[in-house]
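Chain residues, written in single-letter form:
Number of protein chains: 2
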Amino acid sequence: MPRRTVSHEDGAIYEFTPDLEPIETVESGAELTIDTRDSLDGAVQSESDVIDAVPDEVNAATGPIAVEGAEPGDVLRVEIEDVRVTEDRGRAVTIDGFGLLDEYDEIEAPRTRITPVEDGSITFDTPEGELEVPIEPVVGTIGVAPAEESYTTLFPHDHGGNLDTTEVTGGNTIYFPVFQEGAMLAMGDSKAAMADGEMCGTGAEIATDIDVTVEVIDDPAVELERPLLETDDAWKPVASADTLEEACQLANRDAIDLLAAEHGVDETDAYIFSSLVGGLEISQVVDPLVTVKNAVPKAYLSDPF
Amino acid sequence: MPRRTVSHEDGAIYEFTPDLEPIETVESGAELTIDTRDSLDGAVQSESDVIDAVPDEVNAATGPIAVEGAEPGDVLRVEIEDVRVTEDRGRAVTIDGFGLLDEYDEIEAPRTRITPVEDGSITFDTPEGELEVPIEPVVGTIGVAPAEESYTTLFPHDHGGNLDTTEVTGGNTIYFPVFQEGAMLAMGDSKAAMADGEMCGTGAEIATDIDVTVEVIDDPAVELERPLLETDDAWKPVASADTLEEACQLANRDAIDLLAAEHGVDETDAYIFSSLVGGLEISQVVDPLVTVKNAVPKAYLSDPF
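The listed protein sequences derive, respectively, from chains G and Z.
Quick note: the first sequence uses UniProt numbering, first residue 1, plus one each step.
Quick note: the second sequence uses UniProt numbering, first residue 1, plus one each step.
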């Protein structure tokens, strides 16, 4: 089958709800290119375009895409082959009421910085010259229809959503629990570059084309409660919660469950072992729920499904 | 000058106080080998040795070492050349009332796991075989005499202390604010291996020899409020606080100050730029204050001193 394109112009959501209607239905194993618009819907094209408050609709996620055969209890595997920026500029902004240092007097909001794309980098202008940042695209918002609650695309949770995790990028794979028939995958909110933490509340927000292969894992050997990320060298449960402490606890518990299942140890031994290898990583601290990963090196954990 | 040895047998502290008395005085530029005992003072040699409660004295830090010429307002540069384990086993434990998942029913405390040293690795025994973890030593507790408050070696704060940061290891350099004459450096609490987060409350605790070169930076171009870590490719402010959110704010503010000074931008532009590169990293989540780093790649920040 040729790679099919699904464009934000065909449909995009601002809320992950349990009862999403698909704009496209594909078979398990389908290769897709997902065309996404920037998280601010094109409202910011120059530094005089500022965002006074977090918009009601933000982080448009192209989709939903139903995957045939996906049933609650299954796992949806989303292999991200490549992410390409498709416009000539990104934008990074402060917004009043948003961001890690929003309450500090030194920080002004709203402010917009435009980051032009040049030769595989974005640039950030300063009085002392241009800073070049290599483009390392990130898919900020990616998820499936949740079990019972609804979440706007500003929020991350067990269904994914606004995970803002730098490793959700080309070459890596993310697995979601399937809560609803067809899974209902949607994604958008890409960045040309982003720091772990996304402290000011954005990366360099930009439109992208995302190549993915989607696959249903029927009857998985472990049931997922939350997203699981696979990189070249680690498996990383991804957990979102009100506080970083809670997110750390959830991500660590998920890692412990995987280690215990693989090595035939109890939770306590898995906990002690988890304290020796890999470890906790910050995805984002601003969305307003926060997101943490717990890396378990592949040397100690094989494919859990 | 030959490399001098300072041993825990000559003196070790369990509290960083403003008025420490040195066990050794060295000149700026001195090359030292610091001999440290394990964080539990040798109390745990087998899996039947368990720790019922966090001891009053824990994380013995060899020292204090006065560095001639160090005055309040200076910076103490501690280059860590090498960390070598000096005993045949590490130990990782759970202790009731301590650790990220202490309140979860599935986790048993106290429990001890011994991790024997074999051929450059430690091993962790499971019913399905031995897991090998390459030795990557970490200096868990390292710091100087604080400004006004005292902190037991269980706690991290602006003076350093129980930072439990995996990158405090051979090849990296850590800088401390000097709060008291002579700085009064002390270190210990090494691990043969540790996950970022140190979730169960320990890594594989072990005795080590630590090769360091200490140097006073007089009249530094920036004044430090907290430790700053230098790795091969990044500068990383290190901040400890009651919550991960607060620690993230402090580490991000420190990074912003460094970026603003280097590039002639205001705090808001530095904040936005900090949200594009490097980012926040978890050191530890258990000590009971928690510790976070904010990595700023050296591509965007030169030596600030």
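Just to be clear, a hint being listed does not mean it is correct.
Said to hold, decoys possible - Below, in silico cross-link-like pairs of lysine to any residue (SDA-like), each with a Cα-Cα straight-line distance of 20 Å or less:
#1 G:298 to Z:14
#2 Z:298 to Z:245
#3 G:298 to G:211
#4 G:298 to Z:123
#5 G:298 to Z:127
Rather than coming from a laboratory, the hints here were simulated on the basis of the structure.
### Enumerated hints in conflict with the structure, sorted upward
Of the numbered hints given earlier, those the structure breaks are 1, 2, 3, listed in rising order.
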